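Asker: Starting from the known structure of chain A, arrange chain B on it as the hints suggest.
Listed here are the chains, written in short residue letters.
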Amino acid sequence: MTSFVIERVGEDAVCISGIDTATLALLREVPSILHYRSHPNVSKRMFPDVKPGDEQVTKEFHEAMDPDLEYLFASAEEILIQDVAKVREGTIEIPGTHVDAWMSALNQTRLILAELHDIDVGDMGRGEFDPDEKKDLAVLKIHFFGYILDLFIAL
Amino acid sequence: MSKPTVTFRSATSPGIVHIDETDTKEKHDLPWNVIVHNDPVNMMSYVTMVFQRVFGYPRQKAEVLMMEVHRNGRSLVWSGSREQAEHYVHQLHGHQLLATLETSEP
Numbered sequence: 001m002t003s004f005v006i007e008r009v010g011e012d013a014v015c016i017s018g019i020d021t022a023t024l025a026l027l028r029e030v031p032s033i034l035h036y037r038s039h040p041n042v043s044k045r046m047f048p049d050v051k052p053g054d055e056q057v058t059k060e061f062h063e064a065m066d067p068d069l070e071y072l073f074a075s076a077e078e079i080l081i082q083d084v085a086k087v088r089e090g091t092i093e094i095p096g097t098h099v100d101a102w103m104s105a106l107n108q109t110r111l112i113l114a115e116l117h118d119i120d121v122g123d124m125g126r127g128e129f130d131p132d133e134k135k136d137l138a139v140l141k142i143h144f145f146g147y148i149l150d151l152f153i154a155l
Numbered sequence: 001m002s003k004p005t006v007t008f009r010s011a012t013s014p015g016i017v018h019i020d021e022t023d024t025k026e027k028h029d030l031p032w033n034v035i036v037h038n039d040p041v042n043m044m045s046y047v048t049m050v051f052q053r054v055f056g057y058p059r060q061k062a063e064v065l066m067m068e069v070h071r072n073g074r075s076l077v078w079s080g081s082r083e084q085a086e087h088y089v090h091q092l093h094g095h096q097l098l099a100t101l102e103t104s105e106p
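Protein chains in written order, with the working numbering: chain A, 1 to 155; chain B, 1 to 106.
So that you can see chain A by itself, here it is in the shape it has in the complex (with noise of 0.2 Å):
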């Protein structure tokens, strides 16, 4: 993991290099998991009620704003294929442009893989897993990807 870097090359392009085998394979992974949005457990999470207990407001928010949500997820998630699909000898440069997509999708994959493993705040800060559990696996993935997205962040 010492050797991943994330670095702006020029105004417009951002170089992502050290990506080893099993980084690419969890970047792969990404879609399979952003499958779930819809699941009911995970929409939840994805397109919270704004304003509980006022049912008629909600409702018209879901109505007005989810379809737009739900464009804004997608596409991110397309972008992130699409620029995965491009890694070569563990490198690749998108477009700067494309940092925010990134960014979104990982986070979207940390929040669905926590609603889909029930993952709590302390499970979040436990120190020993064991990697043969589907939750404890669930929650490095969560802090994988997180470290990622920390590097997108500190750019």
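Accuracy of the hints is not assured; some may be wrong.
[Said to hold, decoys possible] Partial list, derived from the structure: chain A residues whose beta carbon lies under 10 Å from chain B: (1) F73; (2) K86; (3) N107; (4) G122; (5) M124.
Derived from the structure by calculation, the hints contain no laboratory data.
Nothing here was measured: the structure is a model prediction, and the numbers come from that model.
The beta-carbon is built from N, C-alpha and C at its ideal position, and this holds for glycine as well.
Answerer: Same frame as chain A, now just chain B:
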């Protein structure tokens, strides 16, 4: 919360008719609060960045609000008109923060 009443003089019968004021005017007049709730997954650095981007807050203010979310479980991050509040919540949802709207008590 007790609803205010408006007094009208009936045109068809003498006496005073008390009519509950509709919620509509009340909701337009009250400030709408944008609340961000804590969640176990969103990172502190990410939440700070989103507050800076969505509201244009300086880093220091964004960090104070982020810490309020982290420590208290929620933070009132903006207050004002309904339309603008809805816009901000939509932006926050777009960044996958858990945000809701509340109307202030008069």
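Asker: Check the structure against each numbered hint from earlier and tell me which ones fail, lowest number first.
Answerer: Failing hint: just 2.
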